[in-house]
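Following the hints, position chain H with the ligand against chain B.
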Amino acid sequence: MANENEDKFDAIVVGAGPAGSACAYTLAKAGRNVLLLERGNSAGSKNVSGGRLYTYALELVEEGLYQRAPLQRKIVREQIMMLGAESAMTVDYFNPAFGGNDAEKKAAQSYSVVRASLDEWFAGEAETAGAILASGQVVDGLIEENGKIVGIKVGEDEMRADLVVAADGVNSLLGQKAGLFPDASSHAVGVGVKETIELPDSVINARFGVTDAEGAARVAIGCTDGISGGAFMYTNKGSLSLGIVFNADQAGKQKRHIQDIFQDFKMHPAIQALIEGGTSVEYGAHLVPENGYDSIPKRLYRDGFLVVGDAAQFGINTGLIIRGMDLAIVSGLAAAKAALKTTSPADLGPEYMRQLDELLLMANQKAYRNFHHIFEINRIFHGYPELANDALQFLFTVDGKVPTPMLKGLLNTVRKHASYGQLAADGWKAFRAL
Amino acid sequence: MPNCLVCYKWTLDEQDIKIKSEDLSLDSSRAKGKISDFDRNAIEEAALLVEKLGGAVAALSYGTAAVKQSLKDVLSRGPEKSYWVADASAEQADATVTATVLAAAIRKIGPFDLILLGEGSSDLFNQQTAPRLAALLGLPCLSFVNKLEVEGDVVKATRKLDDSVEVVTVKTPVVISVLSEINKPRIPSLKQVLSAAKKPNQELTVADLGLTPEDLAPKAVRKSVKGFVMQRKNIIFKETAAAANVAKLKESLASLGLS
Ligand SMILES: Cc1cc2nc3c(=O)[nH]c(=O)nc-3n(C[C@H](O)[C@H](O)[C@H](O)COP(=O)(O)OP(=O)(O)OC[C@H]3O[C@@H](n4cnc5c(N)ncnc54)[C@H](O)[C@@H]3O)c2cc1C
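Order-wise, the sequence lines are chains B and H.
Quick note, our numbering runs 286 ahead of the 1-based positions in the first sequence.
Quick note, our numbering runs 32 ahead of the 1-based positions in the second sequence.
A couple of the hints might just be wrong.
[Said to hold, decoys possible] Here are the simulated lysine-lysine pairs, DSS-like style, with alpha carbons at most 25 Å apart:
#  : chain 1 : residue 1 : chain 2 : residue 2
1  : H       : K230      : B       : K439
2  : B       : K294      : H       : K230
3  : H       : K100      : B       : K315
4  : B       : K332      : H       : K50
5  : H       : K52       : B       : K552
6  : B       : K294      : H       : K223
7  : B       : K294      : B       : K315
8  : H       : K231      : H       : K216
9  : H       : K223      : B       : K434
10 : B       : K315      : H       : K230
11 : H       : K104      : H       : K216
12 : H       : K179      : H       : K84
13 : H       : K52       : B       : K523
14 : B       : K439      : H       : K104
15 : B       : K523      : B       : K392
16 : H       : K223      : H       : K100
17 : B       : K439      : H       : K231
18 : H       : K223      : B       : K463
19 : B       : K294      : B       : K463
20 : B       : K523      : H       : K50
21 : H       : K104      : B       : K294
22 : B       : K439      : H       : K216
[Stated by the list, open to error] If you want a taste of the chain B side facing chain H, the calculated C-beta under 7 Å gives, among others:
#  : residue
23 : A420
24 : Q423
25 : D443
[Stated by the list, open to error] In silico negatives: residues of chain H with every beta carbon more than 12 Å from chain B:
#  : residue
26 : A98
27 : A118
28 : E123
29 : T201
30 : K251
Simulated from the structure, these hints should not be mistaken for laboratory data.
Glycine included, C-beta positions come from ideal geometry on N, C-alpha and C.
Only chain B is shown next, with the shape it has when bound in the complex (with noise of 0.2 Å):
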């Protein structure tokens, strides 16, 4: 370390997530003094089950890095499920293509990860790369001189940098440190509830129809006891990951438990098939950033200060993908970016800003912007997944009966869940948003 002063770093990140580490990964890959900050044990600790991770991210912060990550399958199934009380229909999309091509070394579009030991993988890189990693260090304060952020408090502690990242998640305390945002109000976030269930992977491939390298990513709705908000599954090597993210101001509104909603979906029939004879291993709760583009703060830097990640709000959820991990990294690289290319602390910001609008993460939230519209339209959680169910139980019964006429029989099934009104409603309402 070519460091006189051991109390100064070129750059100090906070939070070792997949926004702190990429970001510590690209500053120290070229020769930055770089000290990542981490609160839990390890990296990864605070970081309970699994996701979906799309590789691209991975590829624009190095080519081939992908290969070294501890990824568990490439996704080639992507499924969705709506639930009836009792039943359940799923739409099961293949494609082989989503998998890549490994003649070609080809990445596959996106693959499941468990998040413990990817977090703790690319700590493990930007270490090897020459960051300082320092885990179980609780950042509490900023050092602020002159209008300018000059490092961080860990206790008694003060450590200072020419640059601080902010990558602490979604509840950012520095963030709000530093004054530019306000502790995160419930309507521009998720809250979800997580497990991972441990099962052989023979199991898991006959239950998904899939061989061992390749996987399912399923999403569901009709299981949020009405509330905005929908169910995921993943599948892991050896363990599948599932969960609900829930509308927070909803789910606070509700008297029901999450967590009991979250138990009601594990036993109805079509998920208790799945996951039946698994060993639950982890369980946690977190929050999401669901609002998309209008939800980012106006300003995600000050003088010395970057904002990444989670605590920038990025995330884009369109109930069919979940995305934060992948904007996260893109973020991290455009810090490191920024803080490579720029001099002055003045240049800094808003050359961050520039990064981010270059690797294209402002244009995908900006393409979601009004997409968040349609989870208002609270018949997509409570009603239509039951209607679809119905209208194929009408469809599929055969009884011995005299059946209903095709047409008259569907439009009682629908007029049973909403009115022509509510209808034409709800579609005006979807045709808007997307």
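Relative to chain B, chain H with the ligand alone:
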């Protein structure tokens, strides 16, 4: 001003070890390493003594190649230098082998006034390493220590025994094994973690120490390790009358040959 050495073991965190239900074998593939719990107390005690009296504290560990992972951790807890012996023999080592290796290392890097260890390791808890080490070095050994005072070359230790508390004094050099209640190991601060990266560490090979394959071969060889799982019957008796439940319980116990 005492010149101290702490010996510690780098073990797997038992919380991360899983028992496979198929064959009761242990799955430690996801287990992280840690400094054995009681050894952390030994390190803390040495650090506290030196912070109070001056002097120096070094650390020594014998383990498999994984022992290298412990250096940053141990050096952030007070010692100024660490010595380590990484050898595959550690996988099977019993307390005799461990004490032999530590004694050989201490002859090379010593002498020390105080040699501190934990009462037992968090994986095997043999409680034999300290007394065996003392015997090999020809030093007195104080075990079960839960309070320690040092004045000049006189050590006053409180030993917590099964049925009594014993206060003993002894002149250095001495080997001491400590109990967990002696102190509360520190959570290293950021500055301590960062300074650890700059402290020296030195590898000692078994060849350096003049140890032969015989020295490193345990008397008892571990053939296998299996987990223990409590098998519950999960039988619930749901009769309304208590007497009927008791009768059923009796029947059930009898069928298991337990009455
Ligand atoms: C239920 C659920 C499911 C999800 N599924 C997916 C998915 O499938 N795909 C996807 O892409 N995204 C998913 N996400 C979103 C994704 O988890 C986040 O977007 C992503 O983790 C953000 O990364 P980050 O590095 O910004 O923050 P985090 O991963 O939250 O990392 C922040 C780190 O900072 C540390 N930290 C916080 N405060 C301090 C402090 N004061 N001092 C020191 N360290 C600190 C934390 O311990 C943590 O390690 C999901 C989220 C939830 C809740």
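Going through the hints against the structure:
Among the hinted pairs, K230 (chain H) with K439 (chain B) is consistent with the structure: their alpha-carbon atoms are about 21 Å apart, no more than 25 Å. For the proposed pair K294 (chain B) and K230 (chain H), the alpha carbon gap of about 15 Å is at most 25 Å, so the pair holds. A C-alpha spacing of about 24 Å is found between K100 (chain H) and K315 (chain B), which places the hinted pair at or below 25 Å, so the restraint holds. For the given pair, K332 (chain B) sits about 20 Å from K50 (chain H) by alpha-carbon distance, which is consistent with the 25 Å threshold.
Distance hint between K52 (chain H) and K552 (chain B) is fulfilled; the C-alpha atoms sit about 24 Å from each other, no more than 25 Å. Proposed proximity of K294 (chain B) and K223 (chain H) is supported: the alpha carbons are some 12 Å apart, at most 25 Å. Between the alpha carbons of K294 (chain B) and K315 (chain B) the distance comes to roughly 18 Å, so the proposed pair stays at or under 25 Å and holds. The suggested pairing of K231 (chain H) with K216 (chain H) holds, with an alpha-carbon distance near 23 Å, which does not exceed 25 Å.
Distance check on the hinted pair: K223 (chain H) and K434 (chain B) sit about 23 Å apart at the alpha-carbon level, within 25 Å; holds. For the hint pairing K315 (chain B) with K230 (chain H), the CA-to-CA distance comes to about 21 Å; that is within 25 Å, so the pair holds. For the suggested pair K104 (chain H) and K216 (chain H), the alpha carbons sit about 20 Å apart, so the restraint of at most 25 Å is met. A threshold of 25 Å between alpha carbons decides the hint, and for K179 (chain H) with K84 (chain H) the separation of about 15 Å falls inside it, so the pair holds.
For the suggested pair K52 (chain H) and K523 (chain B), the alpha carbons sit about 16 Å apart, so the restraint of at most 25 Å is met. Distance restraint check for K439 (chain B) and K104 (chain H): the Cα-Cα separation of roughly 21 Å lies within the 25 Å cut-off, and the hinted pair is therefore satisfied. Annotation: proposed proximity of K523 (chain B) to K392 (chain B) holds, straight-line Cα distance about 21 Å (limit 25 Å). As the CA atoms of K223 (chain H) and K100 (chain H) are separated by approximately 21 Å, the hinted pair is consistent with the 25 Å bound.
Taking the CA atoms of K439 (chain B) and K231 (chain H), the gap is near 23 Å; set against the 25 Å cutoff, the hint holds. For the proposed pair K223 (chain H) and K463 (chain B), the alpha carbon gap of about 22 Å is at most 25 Å, so the pair holds. Proposed proximity of K294 (chain B) and K463 (chain B) is supported: the alpha carbons are some 21 Å apart, at most 25 Å. Simply put, K523 (chain B) and K50 (chain H) have alpha-carbon atoms about 16 Å apart, close enough for the 25 Å limit, and the pair holds.
In summary, the hint linking K104 (chain H) to K294 (chain B) is supported, as the alpha carbons are separated by about 20 Å, within the 25 Å threshold. A hinted pair counts as satisfied when its Cα atoms are at most 25 Å apart, and K439 (chain B) with K216 (chain H) qualifies at roughly 24 Å. Interface hint at A420 (chain B): satisfied, since its Cβ lies 5 Å from the closest Cβ of chain H, which is below the 7 Å cut-off. About 5 Å separates the beta-carbon of Q423 (chain B) from the nearest beta-carbon of chain H, less than 7 Å, and the hint is met.
Checking D443 (chain B) against chain H: minimum C-beta separation of about 4 Å stays under 7 Å; hint holds. A cut-off of 12 Å between C-beta atoms confirms that A98 (chain H) is not in contact with chain B; the least separation is 15 Å. With 12 Å as the threshold on Cβ separation, the claim that A118 (chain H) sits away from chain B holds: the shortest Cβ distance comes to roughly 20 Å. Every Cβ of chain B is farther than 12 Å from the Cβ of E123 (chain H); the closest lies at roughly 24 Å, confirming the non-interface assignment.
At roughly 37 Å from the closest C-beta of chain B, the C-beta of T201 (chain H) stays outside 12 Å, upholding its exclusion from the interface. Taking the minimum C-beta to C-beta distance to chain B, about 37 Å, the non-interface status of K251 (chain H) holds against the 12 Å cut.
Hint compliance for this structure: every hint is met.
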